[in-house]
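Each chain, letter by letter, is given below.
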Amino acid sequence: MIRVVLPPHLRGLARISGEVELDIQAPVTLRSVLDALESRYPMLSGTIRDHITQTRRPFLRVFACGEDLSHEQPDTPLPDAVASGTEPLLIVGAIAGG
Amino acid sequence: MSKVRVLVGTRKGAFILTSDGKREHWDVSGPHFAGWEIYHVKGSPADPNRLYGAQSSGWFGQVIQRSSDGGKTWETPGGEVIPKPDAPPAGQSNKFVYDTSSATGKPLTTHQWYDGTQHPWEFKRVWHLEPSLTDPDTVYAGVEDAALFRTTDGAQTWHEFAGLRGHGTGPQWQPGAGGLCLHTIILDSKDPKRIFIAISAAGSFRTDDGGKTWRAINRGLRSPYIPDPNAEIGHCVHHVAMHPTRPGVLFMQKHWDVMRSDNAGDSWQEVSGNLPTDFGFVIDIHAHEPETIYVVPIKSDGEHFVPDGKLRVYRSRTGGNEWEALTKGLPQANCYVNVLRDAMAVDSLDKCGVYFGTTGGQVYASADAGDTWSPIVRDLPAVLSVEVQTLP
Chain A
100 MIRVVLPPHL
110 RGLARISGEV
120 ELDIQAPVTL
130 RSVLDALESR
140 YPMLSGTIRD
150 HITQTRRPFL
160 RVFACGEDLS
170 HEQPDTPLPD
180 AVASGTEPLL
190 IVGAIAGG
Chain B
33 MSKVRVLVGT
43 RKGAFILTSD
53 GKREHWDVSG
63 PHFAGWEIYH
73 VKGSPADPNR
83 LYGAQSSGWF
93 GQVIQRSSDG
103 GKTWETPGGE
113 VIPKPDAPPA
123 GQSNKFVYDT
133 SSATGKPLTT
143 HQWYDGTQHP
153 WEFKRVWHLE
163 PSLTDPDTVY
173 AGVEDAALFR
183 TTDGAQTWHE
193 FAGLRGHGTG
203 PQWQPGAGGL
213 CLHTIILDSK
223 DPKRIFIAIS
233 AAGSFRTDDG
243 GKTWRAINRG
253 LRSPYIPDPN
263 AEIGHCVHHV
273 AMHPTRPGVL
283 FMQKHWDVMR
293 SDNAGDSWQE
303 VSGNLPTDFG
313 FVIDIHAHEP
323 ETIYVVPIKS
333 DGEHFVPDGK
343 LRVYRSRTGG
353 NEWEALTKGL
363 PQANCYVNVL
373 RDAMAVDSLD
383 KCGVYFGTTG
393 GQVYASADAG
403 DTWSPIVRDL
413 PAVLSVEVQT
423 LP
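For the record, the sequence lines run as chains A and B. Its first residue numbered 100, the first sequence is counted upward by one per residue in my numbering. Its first residue numbered 33, the second sequence is counted upward by one per residue in my numbering.
Check the hints yourself; a few may be wrong.
Claimed, not checked - DEER-style ranges, computed between Cβ atoms:
(1) Asp411/B with Met100/A: 40 to 46 Å
(2) Pro178/A with Gly200/B: 50 to 56 Å
(3) Ala119/B with Pro126/A: 56 to 62 Å
(4) Ser116/A with Asp411/B: 24 to 30 Å
(5) Ser116/A with Gly53/B: 38 to 44 Å
(6) Ala66/B with Ile123/A: 28 to 34 Å
None of these hints come from the bench; they were simulated from the model. Remember, predicted model here, so these are calculated numbers, not experimental data. Built from N, CA and C at the ideal position, the CB exists for glycine as well.
Put together the whole structure using the sequences plus the hints.
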């Protein structure tokens, strides 16, 4: 079970509270997590990564296990602690005004 | 008794203000989509309970919202967990992709950037949603970078009218201070194939064939801030209004100058007359008097607030040139707000109601065509847009 923590704006858009739990087959990567997330919550499509290029939106970052994973390749396996559900994957909005 | 529903888009959410036909007491609903920029919310003329909202964020991009119950509940079209069998792919209601196909479009062109160099088209947000006059599932969207899109499936999917962006003058279009935005869409009530649009800073355009081909309609506009003040392209048109019973007559608030066309935009004449300043953003028309128009003069392009600290709506009952200040109930000292281009609307009651919202978060209403004003709300986030529905 993969645990994902979304920023408040996206939790509101998807009408969820707390963490999202996703069942994903190994290998668990950022791409597979976002694919599963968008499949369950289609309204999140385009809000974390671009519809066409699939690149991360510039004001969003991806953290886990105290590490910044934002610049990892999307098919790089996520840390074991994320894949096992011990640690959540954090989607974080940049603190940039607003 | 008739009712009025005012749809307000702000920097931090949407609000819905409702009243009976007397327009004295108001219920306030919101914020909807709290924390998001709501550039525009508009109802379908064909089904007043069908509303569409343009929700956006610098962090999370564009989202389209839809309501089928007058704004009580909302959904992202195509975002259902269990979609219908024949539904288009889920999660595409916010997918605005410029058309580069050889069949319907042209290879994506470039437009002019602030420094005069060419810059590729990049989708940023939806500025304006214009529902069809006849079909609740059909909506036109004006977007930044400037282009016109349409949905015919209730906003589940969007397709560009590539002929506008690709008709030839695109490389001369340049962004205004707010970006290269298509902000005005006017559907001709008597000719379903005729659509008017306006872009900052390119000018006004018209199609007479349902959106396949477009022509610039800017003759008579004069803009000293561009190399050729009388150029076909490059004018910073802020807003255009048309009375539904007179499709050939258009009124325009340009960056500077209030303009009028009596031939569907083929040519324009200035009607700024005795306005204290002819800079501004909004312009609208009385619901029952096609020669009565409203503007809110703003001091200048460098000082985006009302002149002399006085919030004054100006009304012309002569189709321009002769203007009177409407001040009763509006602050006449120490007021320094702006009124943005989509932030004025009228209802169709008798007497005509006029509404506008300010960057200070006030929404003012007049139930007597502008003679007197009072605030419906005073302390919303900065108002980006105001639309009105007159309901049975």
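Each hint tested on the structure:
Asp411/B and Met100/A have their C-beta atoms about 45 Å apart, which keeps the hinted 40 to 46 Å range intact. The given range of 50 to 56 Å is respected by Pro178/A and Gly200/B, whose C-beta atoms sit roughly 53 Å from each other. Distance hint for Ala119/B and Pro126/A: a CB-CB separation of about 31 Å, inconsistent with the stated range 56 to 62 Å. About 28 Å separates the C-beta atoms of Ser116/A and Asp411/B, a value consistent with the hinted range of 24 to 30 Å.
In this structure the hint that Ser116/A and Gly53/B lie 38 to 44 Å apart at CB holds, the actual value being about 40 Å. In this structure, Ala66/B and Ile123/A meet the distance hint of 28 to 34 Å, their C-beta atoms being roughly 31 Å apart.
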